[in-house]
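Asks: Spelled out from the first residue to the last, the chains are:
There are 4 protein chains.
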Amino acid sequence: MAEPLVLTLSCADRPGITARVSSFLFERGGNILEAQQFNDRLSDAFFMRVEFDPGDTPRDTIRSEFAALADTFAMEWKLAQRDRPRRVMIMVSKFDHCLADLLYRWRIGELPIEPVAIVSNHPREAIGHTDTGAIPFHHLPVTRDTKAQQEARVREIAAETDAELIVLARYMQILSDAQAAHFAGRCINIHHSFLPGFKGAKPYHQAYERGVKMIGASAHYVTADLDEGPIIHQDAESIGHADTPDALVRKGRDIESRVLAEAVRLHLEERVLLNGQRTVVFRG
Amino acid sequence: MAEPLVLTLSCADRPGITARVSSFLFERGGNILEAQQFNDRLSDAFFMRVEFDPGDTPRDTIRSEFAALADTFAMEWKLAQRDRPRRVMIMVSKFDHCLADLLYRWRIGELPIEPVAIVSNHPREAIGHTDTGAIPFHHLPVTRDTKAQQEARVREIAAETDAELIVLARYMQILSDAQAAHFAGRCINIHHSFLPGFKGAKPYHQAYERGVKMIGASAHYVTADLDEGPIIHQDAESIGHADTPDALVRKGRDIESRVLAEAVRLHLEERVLLNGQRTVVFRG
Amino acid sequence: MAEPLVLTLSCADRPGITARVSSFLFERGGNILEAQQFNDRLSDAFFMRVEFDPGDTPRDTIRSEFAALADTFAMEWKLAQRDRPRRVMIMVSKFDHCLADLLYRWRIGELPIEPVAIVSNHPREAIGHTDTGAIPFHHLPVTRDTKAQQEARVREIAAETDAELIVLARYMQILSDAQAAHFAGRCINIHHSFLPGFKGAKPYHQAYERGVKMIGASAHYVTADLDEGPIIHQDAESIGHADTPDALVRKGRDIESRVLAEAVRLHLEERVLLNGQRTVVFRG
Amino acid sequence: MAEPLVLTLSCADRPGITARVSSFLFERGGNILEAQQFNDRLSDAFFMRVEFDPGDTPRDTIRSEFAALADTFAMEWKLAQRDRPRRVMIMVSKFDHCLADLLYRWRIGELPIEPVAIVSNHPREAIGHTDTGAIPFHHLPVTRDTKAQQEARVREIAAETDAELIVLARYMQILSDAQAAHFAGRCINIHHSFLPGFKGAKPYHQAYERGVKMIGASAHYVTADLDEGPIIHQDAESIGHADTPDALVRKGRDIESRVLAEAVRLHLEERVLLNGQRTVVFRG
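Residue numbers (this note's numbering), protein chains in the order written: chain A, 941 to 1224; chain B, 941 to 1224; chain C, 941 to 1224; chain D, 941 to 1224.
The set of hints was computed from the structure by calculation and includes no laboratory data. Please note: incorrect hints may appear among the correct ones.
Copies of one chain are not kept apart here, so a pair can be met inside one copy or by any two copies together.
[Unchecked claim] Straight-line alpha carbon distances no greater than 20 Å define the calculated EDC-like cross-link-like pairs of lysine to aspartate or glutamate that follow:
no. : residue 1 : residue 2
1   : 1139      : 1149
2   : 1139      : 1168
3   : 1191      : 1202
4   : 1191      : 1050
5   : 1191      : 980
6   : 1034      : 1050
7   : 1087      : 1117
8   : 1191      : 1177
9   : 1139      : 1167
10  : 1034      : 1186
11  : 1139      : 1005
12  : 1018      : 1209
13  : 1087      : 1210
Note that the structure is predicted; figures quoted are calculated from it, not measured.
Make a model of the complete structure from these sequences and hints.
Replies: So this is what it looks like as structure tokens:
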């Protein structure tokens, strides 16, 4: 088998897209390994993900020839190598459970990532009990006055390392609108709440005060409005009256870790397509 | 075994409450069948529920003698018969899945209720496919101008039927503050959303627009602020990008029915105690 | 829009199937509304479900012309009308929560069924609290000696009513191997257990004895080996030490009702394809 | 506040136990912080857990004086320090996700443990990507011929380190009956299956073959019959037809890690009492 590719695309829905795309691949010797499509009848939009073995046709040939077809349908599209690890920059503050979880999944080969940088507004000692190995650690403290420079430095590191994905793994700083725009579509945040239930700070304390019976977490793309970006994945669990805010924080760690890891996996496998403020998620 | 009783109480926490209450029951020949307590260390409040066989001591004796002990601790308390069906008034609008569900549970003996009235702002035909049997049905239409009279009539029916619990089973009218106050602590609403996520009207459409990946429902006591009453029970389920608002409404029906039924059961079994804007729920 | 159709098919996987099928539909003016495929790489089998608007091409034309394509790939396939209610025979014994649930979903238009018969080994009075309306009720008691005749009568009723689906809604009789074979692929059972956890009789009591912390239910196609048919849907819930067998039975009713209803919906929408002893389930 | 204690007890149920126990504590200046009881009406057994501040009464005084009360009721009982970390020996084979998870929870102070030994039948390199810090690692390979000696050495290490709890964190060796008996009540295993669904080897592959729609994991006390010990905690998740055995293994890792960690937490907090082959679990 040749190196598998993943084609993702979206466009206005009209008859024949599936036929044209699948015929395009078949005519070039491609063999579909997995395919999903979604016809959004409410917005008349079409979304597709195809994982395929390109056979003898070189990737660049497929790319250049598909461009013409894509033009016909005014598609947004992407052709990616399925098995190439993605270069990932992870940002963290003092709570490193999501970081530790991502690193473990990387080390055992579960998450196809190559961590190229860890950035924190706190010094390395703040997460002293986690083994970050040889991954470069950048301590970039931030104050109101230095935020612009700090964010510029973050962009530099992302550029220098060719980071394809930025993961905010409980990075407790709000990105500026410009920074959010710069990383648009390739920056995932874990919001430690079941959005839109409790936005803003200390959501577990808010949840306790309100007396809810479930808590959750939300992984979403970062946009200028931090708590309003397109949601990729959410999960929730039951809680009870005896759960103190501290207990909610403890339970929340588990939910946050697994929701973020799942969102990162879905993104890396090119399974998440944007549909306005919503997402289309093609699970396997 | 004598007829089992349920004692529920709350007061400021201090040493010796459990000892005094359990000794009180033991000295009168009572035998505890089930007991729970909750020491709320954040508010220094104490909550207890005891289900017991009173042996040979008459219920009235226990009630009058316990009053003295309750005074000592400045308790709020209640002594109830465990197995006596509660008289329940159910209010409904056009969607009757919660009503149908409650009636089925009543008919097979699962819910210990005696439905004494069904009140709707729509005529009987609106829920024509549900068999309400011999339960009196009251069609009480409501407009802005007639709301006061309509609510007065609802209170009359509740009084005439000795209704102990009012269940808003998808009753799509907001109670006036006065009405909410009148039924305080004995009126349960099912909010067709995972509070506080989407308050107000059409929460499933809001959820769709926001692109969340889970929906839920919340059963809560009715207070003047309709979406802010103490929550008794919540549940949620995963949804996907292909779920239209109509699909969310369909999935929501199942969640709403079972969340409301569970909240009603917990309330009827005297398992729900108020703790400010929060609830203590003693599951069996 | 013409009347939507659903095409389902399975065959050995090989390159070009998607291209051929989608081109076939496009060339005849068909417009895909929803499509899913599954390439089972472990068994090299291919499964597809396409919901489409056939445009001006008559259904019979599509059917006859697709037959040729299907032959090329040695497909098993089916072309169905999406919105035509399916004729359903429901079998029940003494516990009618699943029956009541299915009938409610039918009455409010949620489940696209036309109930053509209710068959029970108990008399109508056994389910006296459920309104079966005008649906013919057949009391067919069964003993070891009369089982063959009773099953023959069940087949007759199914034939006379053109029942397309037989739902065993807590029908507590084991079908003979011959009967199971006769209804193969169109008979769904709800097993009141999380298969394969507790096969056989009284699974909730078995679960209690074993001290498990979750219970569930399984909807599956009926085969000669009753507890081993292909599973369509399962769900489970947490339980605790205080849950008696009776409480498990109560909690089980809710799980059973919703698991069976979901399986019936999936089947009726042609979303379930057989893959040996397993199923492929194309959710919307 | 003095150092909090936890009293757990079980005995035949009879009137007055709660009164006697709570009065005992009150008379000695004890202040209850949390208390639960369970009257098992099916077996007429009584279970209780009380977390309390002993005030000025020394722990040893409480212990010796309670012994007399315990005798009266023929109780099995234990008096433990709530906040003292428990000495834990962790056994592992090649898959170390549960080990890594437990160590992370220990390092951030979530789990009140003191890891005193890691024992593996594989060399340290097998779990090379996990930082075990200064915890002694014992490589104890085992073959059929050396099993007796290996188990003796495990017992020695447990004795030398005063291990109070032995956690089988995906230790893929079956303990001999004698070894299981030796560690009875203080050895927890994570079974990578939703017991009793798939006992024995390769449960995820069994689950795949059977085509189930949910997988789960079970944490239980080890007994001579490995898959039949009293279950402490279970959880499950939905899977689909596209999940290969490898995907099930991946999803299983998450479930296993959190189910085992929760069971260990419940055990360490003295929240799990044995009730024959079942457990009573007093959640907070």
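Asks: Hint compliance check: list the failing hint numbers for this structure, sorted ascending.
Replies: Hints 11, 13 are the ones this structure does not satisfy, whereas the remaining hints hold.
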